[in-house]
Structure formats: structure tokens, C-alpha cells
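Enquirer: Model the placement of chains S, U and E on the given structure of chain A, informed by the hints.
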Amino acid sequence: MEKYNKRMGDFRITENAAIAENYSLLKLIPVEGLLSDSAIRPGQFVQVVTPNNATYLRRPISICYIDNDANEMWLLIRKAGDGTRALCDQPNGATINMIYSLGNGFDLSEAGSSPLLIGGGVGVAPLLNLGAELNRQGIKPTFLLGARSAKDVLLAEEFAKYGDVHVSTEDGSAGEKGLVTTNTILNSEFTHIYCCGPMPMMKAIAKIAREKSTPCEVSLENVMACGVGACLCCVEKTTAGNVCVCKEGPVFNIDQLLW
Amino acid sequence: MEKYNKRMGDFRITENAAIAENYSLLKLIPVEGLLSDSAIRPGQFVQVVTPNNATYLRRPISICYIDNDANEMWLLIRKAGDGTRALCDQPNGATINMIYSLGNGFDLSEAGSSPLLIGGGVGVAPLLNLGAELNRQGIKPTFLLGARSAKDVLLAEEFAKYGDVHVSTEDGSAGEKGLVTTNTILNSEFTHIYCCGPMPMMKAIAKIAREKSTPCEVSLENVMACGVGACLCCVEKTTAGNVCVCKEGPVFNIDQLLW
Amino acid sequence: MANLNVNIGNLSLKNPVLTASGTFGYGEEFADFIDLNRLGGFIVKGTTLEPRQGNDYPRMVETPSGMLNAVGLQNKGVEYFISEIYPRLLQYDSEIIVNISGSSIDDYRKVAEMLAPLDRIRAIEVNISCPNVKSGGMAFGTTTEGAASVTKAVREAFPKTLIVKLSPNVTSIADIARAVEAEGADSVSLINTLMGMAIDVERQRPYLSTITGGLSGAAVRPVAVRMVWQVSKAVKIPVIGLGGIMNGRDAIEFMLAGARAIEVGTANFINPAVTVEIVDYMNDYCERHGVKDINEIVGMI
Amino acid sequence: MANLNVNIGNLSLKNPVLTASGTFGYGEEFADFIDLNRLGGFIVKGTTLEPRQGNDYPRMVETPSGMLNAVGLQNKGVEYFISEIYPRLLQYDSEIIVNISGSSIDDYRKVAEMLAPLDRIRAIEVNISCPNVKSGGMAFGTTTEGAASVTKAVREAFPKTLIVKLSPNVTSIADIARAVEAEGADSVSLINTLMGMAIDVERQRPYLSTITGGLSGAAVRPVAVRMVWQVSKAVKIPVIGLGGIMNGRDAIEFMLAGARAIEVGTANFINPAVTVEIVDYMNDYCERHGVKDINEIVGMI
Numbered sequence: 290m291e292k293y294n295k296r297m298g299d300f301r302i303t304e305n306a307a308i309a310e311n312y313s314l315l316k317l318i319p320v321e322g323l324l325s326d327s328a329i330r331p332g333q334f335v336q337v338v339t340p341n342n343a344t345y346l347r348r349p350i351s352i353c354y355i356d357n358d359a360n361e362m363w364l365l366i367r368k369a370g371d372g373t374r375a376l377c378d379q380p381n382g383a384t385i386n387m388i389y390s391l392g393n394g395f396d397l398s399e400a401g402s403s404p405l406l407i408g409g410g411v412g413v414a415p416l417l418n419l420g421a422e423l424n425r426q427g428i429k430p431t432f433l434l435g436a437r438s439a440k441d442v443l444l445a446e447e448f449a450k451y452g453d454v455h456v457s458t459e460d461g462s463a464g465e466k467g468l469v470t471t472n473t474i475l476n477s478e479f480t481h482i483y484c485c486g487p488m489p490m491m492k493a494i495a496k497i498a499r500e501k502s503t504p505c506e507v508s509l510e511n512v513m514a515c516g517v518g519a520c521l522c523c524v525e526k527t528t529a530g531n532v533c534v535c536k537e538g539p540v541f542n543i544d545q546l547l548w
Numbered sequence: 290m291e292k293y294n295k296r297m298g299d300f301r302i303t304e305n306a307a308i309a310e311n312y313s314l315l316k317l318i319p320v321e322g323l324l325s326d327s328a329i330r331p332g333q334f335v336q337v338v339t340p341n342n343a344t345y346l347r348r349p350i351s352i353c354y355i356d357n358d359a360n361e362m363w364l365l366i367r368k369a370g371d372g373t374r375a376l377c378d379q380p381n382g383a384t385i386n387m388i389y390s391l392g393n394g395f396d397l398s399e400a401g402s403s404p405l406l407i408g409g410g411v412g413v414a415p416l417l418n419l420g421a422e423l424n425r426q427g428i429k430p431t432f433l434l435g436a437r438s439a440k441d442v443l444l445a446e447e448f449a450k451y452g453d454v455h456v457s458t459e460d461g462s463a464g465e466k467g468l469v470t471t472n473t474i475l476n477s478e479f480t481h482i483y484c485c486g487p488m489p490m491m492k493a494i495a496k497i498a499r500e501k502s503t504p505c506e507v508s509l510e511n512v513m514a515c516g517v518g519a520c521l522c523c524v525e526k527t528t529a530g531n532v533c534v535c536k537e538g539p540v541f542n543i544d545q546l547l548w
Numbered sequence: 003m004a005n006l007n008v009n010i011g012n013l014s015l016k017n018p019v020l021t022a023s024g025t026f027g028y029g030e031e032f033a034d035f036i037d038l039n040r041l042g043g044f045i046v047k048g049t050t051l052e053p054r055q056g057n058d059y060p061r062m063v064e065t066p067s068g069m070l071n072a073v074g075l076q077n078k079g080v081e082y083f084i085s086e087i088y089p090r091l092l093q094y095d096s097e098i099i100v101n102i103s104g105s106s107i108d109d110y111r112k113v114a115e116m117l118a119p120l121d122r123i124r125a126i127e128v129n130i131s132c133p134n135v136k137s138g139g140m141a142f143g144t145t146t147e148g149a150a151s152v153t154k155a156v157r158e159a160f161p162k163t164l165i166v167k168l169s170p171n172v173t174s175i176a177d178i179a180r181a182v183e184a185e186g187a188d189s190v191s192l193i194n195t196l197m198g199m200a201i202d203v204e205r206q207r208p209y210l211s212t213i214t215g216g217l218s219g220a221a222v223r224p225v226a227v228r229m230v231w232q233v234s235k236a237v238k239i240p241v242i243g244l245g246g247i248m249n250g251r252d253a254i255e256f257m258l259a260g261a262r263a264i265e266v267g268t269a270n271f272i273n274p275a276v277t278v279e280i281v282d283y284m285n286d287y288c289e290r291h292g293v294k295d296i297n298e299i300v301g302m303i
Numbered sequence: 003m004a005n006l007n008v009n010i011g012n013l014s015l016k017n018p019v020l021t022a023s024g025t026f027g028y029g030e031e032f033a034d035f036i037d038l039n040r041l042g043g044f045i046v047k048g049t050t051l052e053p054r055q056g057n058d059y060p061r062m063v064e065t066p067s068g069m070l071n072a073v074g075l076q077n078k079g080v081e082y083f084i085s086e087i088y089p090r091l092l093q094y095d096s097e098i099i100v101n102i103s104g105s106s107i108d109d110y111r112k113v114a115e116m117l118a119p120l121d122r123i124r125a126i127e128v129n130i131s132c133p134n135v136k137s138g139g140m141a142f143g144t145t146t147e148g149a150a151s152v153t154k155a156v157r158e159a160f161p162k163t164l165i166v167k168l169s170p171n172v173t174s175i176a177d178i179a180r181a182v183e184a185e186g187a188d189s190v191s192l193i194n195t196l197m198g199m200a201i202d203v204e205r206q207r208p209y210l211s212t213i214t215g216g217l218s219g220a221a222v223r224p225v226a227v228r229m230v231w232q233v234s235k236a237v238k239i240p241v242i243g244l245g246g247i248m249n250g251r252d253a254i255e256f257m258l259a260g261a262r263a264i265e266v267g268t269a270n271f272i273n274p275a276v277t278v279e280i281v282d283y284m285n286d287y288c289e290r291h292g293v294k295d296i297n298e299i300v301g302m303i
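Protein chains in written order, with this note's numbering: chain A, 290 to 548; chain S, 290 to 548; chain U, 3 to 303; chain E, 3 to 303.
Source of the hints: derived by calculation from the structure; they are not laboratory data.
Hints are not guaranteed to be accurate.
[Claimed, not checked] Derived list of chain E stretches under chain U, where covered just means 3 residues or more per stretch with a C-beta under 8 Å from a C-beta of chain U: (1) 62–72; (2) 217–230; (3) 255–265.
[Stated by the list, open to error] Simulated restraints on C-beta separations: (4) 295(U) to 466(A): 35 to 45 Å; (5) 249(U) to 512(A): 15 to 25 Å; (6) 437(A) to 381(S): 36 to 46 Å.
Using N, Cα and C, we set each Cβ at its ideal position, and we do this for glycine too.
The shape of chain A in the complex, shown without the other chains:
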């Protein structure tokens, strides 16, 4: 069967679990076809039609995990606005339309033997699929997860399947107290850093990576309309000028960025 780069299709929610305050994990299967036909790469995203006309445009959501055996996609969603709230409130069995899979994804060829995967808040989402894929390639990554407090540490047990998990919480209720940027695991040496989270966190990690001369990729979430590189709304300034985060990204090596 032909492998499409991009498709539009309906997905059925097989499980919608509130995994923390304001966070839901949705497990979905395509109504038609196999996810394995799409060759989805870690770090790619989907564009979702939000339920109940909650938003006019689709909303981009990182792909959290792909279970090709179960033909299942996981989306980790934070209730941030009307669209994401409507998604989190969808019952099991509901159908949502997606365009998938979009963007470039992480560059796994650069991982090396001991990559560090850093996620903050809902930004941990794409790191799960990345960790699983690294495992499949014989690499055991280290995870560093940031959250406000213990109850907000997302999917820690899932991450533990693929590597050691370190945690920073702002209130110190789990792991080390403080932001991920001060976690002592950063004193160790890593072959590569993959990072996804709030912009200030990613910029701080980028600075640390530069100081340590560790290659570093970050996943941006600029506001976007089309998701396929047509509207030119989600641009980021790079060494090659303004480029679309949806198409040339969402993952960039920090050397491409003007941070």
C-alpha cells in the first residue's frame, strides 16, 4: 500500500482519561486504515477539528505516542482554551477529524548513545513517542520532566518504560525543587538534547546546550492556521529567514534559530 505523507480522516476515541488537573490523555483509532501506513515520526503533530464548533480553525496537537499494534494514537491535551477543553470533554466513542501526520519530527539520526529528552508541562507529549522509537533503535534515553507539582508530572510511568526519569517540580513535591533548567541531571554529559515545553524553558535549555556544546533540538508551537505550509502564519525566524513551523518544523536544531 502506498505510504501517504499526509491524510485527513476520522478517529474514534477509545479512551479519554483525565490524567491530571486540566490534562487528558486521549487514545484514538482511525475509523479507516492503519496508522502504520502513514510512517508517523516522533515529533510530528496532527490538526484536529475541535468538537461542537468550539473553534473555527483546527488545533495543532503533538502526537504523544503511536501504538502500531493496537493501531492507536495517543494525544496528550491540556485544557487551555475552548478547543482543547472541548476535546478533553469528548466521551469515549466520539469521532474527531484529523489531518495527520504533519511536520518534520525529531532527527533521530543525531541521537547518539545517550540522549536527554526534556519536557515541560504538556510539552512532554512528543517525547514519549521519541523515547519509544529510540528504544527500538537500541538507545536508552534519559528523561527530564518538569511540572508545577507532583500531581502535574505527566505520564511518568510511561516514560519509565523507555529510560530513566528525572523530575523537577516548582514546589519540590516530586523530584528536585525548581525548574528543569536547574536539575542536577544537566551536570551529566549527553550526546543530544531533545526539548519541548514553554518558550522560556526551551530558550534556557538552548543556552545550557550551547554552553555544553551539546547538540539540541526544540519543538516549537507557534500559532498556526493550515498546518501544511500554505498560509505562512506560523513562521519562525531562522538562519534561512522566516520558515513555517508547521512544515519546516515544529522541530528545529537550535543552530537554525536566532535565539
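Expert: Frame of chain A, contents of chains S, U and E only:
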């Protein structure tokens, strides 16, 4: 307790039953307060916020029946557009916001001893509450219900509680074959006619009523925005000029109209 | 509690929340839902010299996040307003602003003259922007000359606060605003409706009896905010903002763009209590942002 | 099957469905979702003489039933288009129309001259209505003189089908259309975006880096339909309608109002297959209404 003319409030759906193809009967109770405080009159209507942002404006719906003992309001809804479809698809337990009760309602003081209540399609809705109220006033009305075929005859068992029920169906599968305007019950004498249904039907009944010199009221459903007489969108030409159907109507004596 | 009092010319409003003409009747239609005394004021429906029947039905169609209307200034005339409506409105202590329209400059002048003696009418809003009448209305509002001439005539006839309501259906609304300011208007309100149209494709005919109508509702808000921002930079007189305000957030958006007060229109049809909810939101917003006086945020952008 | 073929000047389209400039990339971005050969044509993104980086991020914010954008004509320039893009597009048999923009009349002329020799570019769309660039763009589109002068210059440089895309941000779009027709344009397309603005009230700053941007999407459709209706009554050349077309119904609405062809813009972002769904709807509609040739319904209102 003070009796308000108009209120805005949430109602909970206690039962939503598809009673025919494209027709649902919703039973609702106010989340707060008693319907009996509102002194709702037969022929009045509500303005409903449609679920899931299905429409921008509220949608006017006739009040089908008020059960003050159960504190319950019935709405008979035909799936005609996005808004009514969304209402019909609401699950039991869902909450919808209404402005109620609006408009003038039927004039019961003119009913006389033997009124005829004629309804076509979803237009039968307000006649149920009217029949019940007439009964409470010691009057037994006659009902004439029009529908396309037997399966579309709406709420016949409910109507039978309050008076004799005559039926016309276009295909003759129930009652007399043809439109209500040719039903033989119209050969009998009645003290008053109350009519609600499609415009051509009401105009034909008005013509018959004039010929027989029987007083006749009809309930109009002009497209409206506010429902409270502010926007002046739903006007009907009357002997007194353009008047708001939402406020001066929806019920008009045919002598007021320029039909 | 922050100060919500704002001034439009010599008119002092207890808060910036007004209701848009033609969307709030004479206020009374909403008295079951809200305490009218909590509003800054209400602008009663468009009043003309003679009674008008308005346009034929159908006059309204819903559009995406908005509606088109073609009411056409149906009203019972200024004499009826003065004798029948005005006395009933005296029970409220919110400001009562009368929106006036005419087919000729002389019409405008006469209506303004007749309203001037009424003590409790401290302001009028002159509608030079109604898209739904055959003569007058928007015709005056789409040229600087037309707008100036109506303003001049009404200014001579009405010594109290004079607000001119502007049409968005122009190339430069700032030019129109400047022309109106130069003739002595105390304030401009904007935007009136955008001229629009919708067609029933199955019946192959327009939804409105007049073919075109005025577009209002949330759909037009971005255009309205832009125009308020442009006009507030162009004139010194206070600007009253309207156009698709659905809630308190939207009201603040207009004030940040430069509006000293705001009018709520179409939203009244969806939530008859929205105006007082906006007043509550303004109080909350000021507290949340440490604003002592709501005038501080006007035109921050 | 009804005839869906329509003609815009000498340009023959297999059906009336085009894609709006700046919403469909170079077509290729949608090739995974639809068969591009099923479209009447696609209008590739705004092309200028020199490469442009466009405006700073953020460039987009969602609004009720619409969106504001401020891309600012980011593109790699006409030479890049000719050498890199054009050869790739030759594989499709739908018409390829290039949208061109400039800061000066000379820019427009030069771009048109460079495109004229390309066999498969049988039409260009001249953008005199972009609200998101500092010079040129909308400035030319808001006066009859400006619109006429750009049209005249491009007409001299480009002998094939010349479409001029009009701005809705004017008092009389019919006047602009007549001016453009008088200078030899073969067609007008309308509407470009309405100038709008939105403010983040919590952060107290505009959502767009440029403060104002262009409003598109379903919200503007009533305004667009009205303008298409007005312009189609005012000029003899064919009108191409766009502005908030979300589905086949909306496309037919524009054709009834007077559009010979239509462009789909913002809807491509929501449903990347919407264009071919519209072609299917047109066939169904014609069958349902007994229409043998879709040209029969153009301008029925």
C-alpha cells in the same frame, strides 16, 4: 412569590424521546424555581440557546405542555436545521438555557363551548397545552391533526386525554386522506378555531373560518432574533401596521391579519 | 471597586456600558431580566420625524457569528416618543440617549429641536449610517460633506451632548470622524452595521425583502475594533465603540482600542442580561489588573 | 452532468472552482489530499519582484467564524517562481494563475512582463488590495485613480487574461471595478480581506505584530456576497467571487449573486479537500435544479 413575565434560566432535560422520524419530545425541568411562578399561558414560546454553538441566535420553540405538578415543560421539536437538530440530539441530563415565557398566547376567553384546535406537523405542539387548559376550564375541545402519514401523527394519545381527535394524513394511512382543510369534521359547527401549522394550511383554515363566520386564531412563526419585541425583525403586517410576532403574537385573531 | 464613571462631552455615565439603538427597544423590554439602573445608559431605538412602518418581512437572517437585518427604522415618530415613551422612562436613573434619523437634513434638525427641551434627554445619537433605508441614512454617512452637513444642522438645534454614529462602509472612517468633529460633534459612535447580503440557494432568492441588509454580531468585531482604533487616533473627542461586543472581554477590547464607552447590540438578543454582566466584568477586570479608574485603560493600544 | 466550464476573458476553466492566493501555497501542499487536476485552477501565492520576508510573527489570530492574518506577502520573488516553481506545476492540467503584488507601479509591470512569456500562465491576478504591507498593496486599491494606474501598466505588459483583485475597504467597490474595467482588465476578483484588529485584553497588546491585519473566513461572507452583487451589476467583465466560501452552498450563493467563478481561501485550512467537494456539490446542485449549464445561474439575483 412575585410572578415574572419573562425569565432566563437553565433547564435540565429529563427525557428526550424521538417520537417520530425527525421529531423529538423533550421534557425539561428548570434547574431553579417553579414553572408555576411564571403563569405560562398556552400558545407562548421559549427562546432556546442551541447546544454546541449550533446557531448564533436563540431559536424560538412553542411550549407544548406544562406539567406544574412535575414542574416540567415539554417541547416538541422538529429537526429542521442545525439548531433543532442539536436540540434533538441532546442526551438526558443535559442543560439548556431558555428565555421564557414569551408572546401573548391564545385567547381562552373566546373559546366558547366547542372549540376546534387544528394543528399541522410540528404545529400541533401548542395545542396540547391549550387543550389541557381548556379542560381545566370545563371545556372539551375537538382536535384535528394533520400529518404526512400515520407515523407522523404526533402525540395523538396525549391529545385524546383532552378531547376527540380527528386526523388527516396526506397518504390516507391514518384518519381521512388529504389535508386538514378537507377533513369532514370541518362540516360541523364550532364556537372558535385555534390553528397552528404551515402557513398555507393556516391561510386555508382562515378562509374556511371566515366563510363559516367562526372566530379563528392562528399562531405564526416568523423568523425572529430577540423574542422580546426589541429587534423588530419578526414583523407581520396587521390592521395596526407592522407588529412583532414575538410580542404582539405569536397568536393573532385572523381579523387582525391582512390575509 | 474601581471608578467606572466616564464622560462623553458633558454627559456623565455611571459606567461605560450603553445599549445600541434598535437592539434594546425602549429598555422596558429588558426590565424583566436586568436592573436597568445598573447601565451607564440606554440608547432608544431610531426615531424619525414621522412614524415609519419600516421594510417588509423578512427582515433578518442569521449568518456565521452574526446576523443581517433590514428593519428600516420602523418607529412611531418623535411626537409619540415624547408623549408616550419619555414619561415612562423617567423612572430609570440611567442616561437615556435618543438615536435619531432622517431622510433630509431638515428632518434631523427638527427631531433634534423637539428633543432638546426634554430635561432627561442629555444626549442624542445622530444616525448617519443606517444601510436599510432608501433615502438619507447611510447616504449622509459615506461622504465627509454629507456627514458634516448633518452634524452642523443638528449642532445648531441641540445644545447638549451630540454623538454622531458612523458608517463602516467607507474608505476612511477617520476622515468622516474628523469632518464630524470639526462641525462640533461631542462624540462619535462606531460602527453601525456593515452592508451585507445572503441568498437562499435552494429558493434562489435573497433572504431579506430588501436584498441587502446590515451585518452585526461577533463576526464584525475585528473590523469594529480596527475602526475604533483608527478613529480614536484621528480625533480628540471621545469615541464610543460598538460592533459585535458579546461579553466583558470584548468590551475591554474596545476600550483598549480607544473607546471611552461601549454599546452592546446584537448580544442583547442572545443574552438579555449581558449588559450587567459586562459591568460586573469591568469591575473584575480593573481589580485583576490593578486599575483604579477605567479611564486609565482607554486607548492603551 | 451539467456543463461546469466557465470563461474568464480568454481563460477557459473546466469548472468555476479556483483557490485563493496565499491559502493554497503552490498547490503542491494539498496534493496529498486532493487531485489538483479536478480544480478549475489554482492561484499561486502573491509574488513580488524581489523576495520578501513578510511581517514578524505573530501573524494570525482566530476571530469569530474567521481569522485575521498579517503575512505581508512573504515570497521568494518572481525569478524563483519562474525557475523553481513553475516547472513543477506543469504536471497539472488545471489553470495556473499567478497573483502579483508590488510596491510601485513599475514593480507590477516588471513582474507581469516576466510572467508573460510562460506558456502555461494564461492569467494573472493583480493584487491591489493587500492590507498587510506598508507601501503599495491596498493603497492602490482604495482609489479609482490608483486602481486604474496599476491596471493600465499591467495591461500594457501582459497580453493574456488580466484579473484585478479588489479591496473591500472602500466606500464604493463598484466605482473601483468600473475604473479597472475601463483600463482593460478582463475580470475582477473580490473580496480581498477586510482590515481588522484584535487585542489580547489580558496582556493588553494586539495579537498581530502589525496591530491590524486582514479578516477572512465565513464571518465576511455576507459582505463579500453583497459586493459581488453590486460589482456584477456595475461592470460587463466577469466577476470572480471570494470571501468566506466554506462549502458548495456558499459557492453557489456567490454565483447567484453574479460571480462567474469563485475562489476558496480560508476553508482550505479547515478542510483541505473542500475544493473538490465544492466541484461535486456544483454537479449535484445543477442536477437538483435542472441546470444544464452552470453559466445559467450566474447573476440570477
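Enquirer: So, for every hint listed, does it hold in this structure?
Expert: Comparing the hints with the structure gives:
| no. | hint | verdict |
| --- | --- | --- |
| 1 | 62–72 | holds (count 5) |
| 2 | 217–230 | holds (count 10) |
| 3 | 255–265 | holds (count 3) |
| 4 | 295(U) to 466(A): 35 to 45 Å | holds (41 Å) |
| 5 | 249(U) to 512(A): 15 to 25 Å | holds (22 Å) |
| 6 | 437(A) to 381(S): 36 to 46 Å | holds (38 Å) |
Violation of the numbered hints given earlier is absent; every hint is satisfied by the structure.
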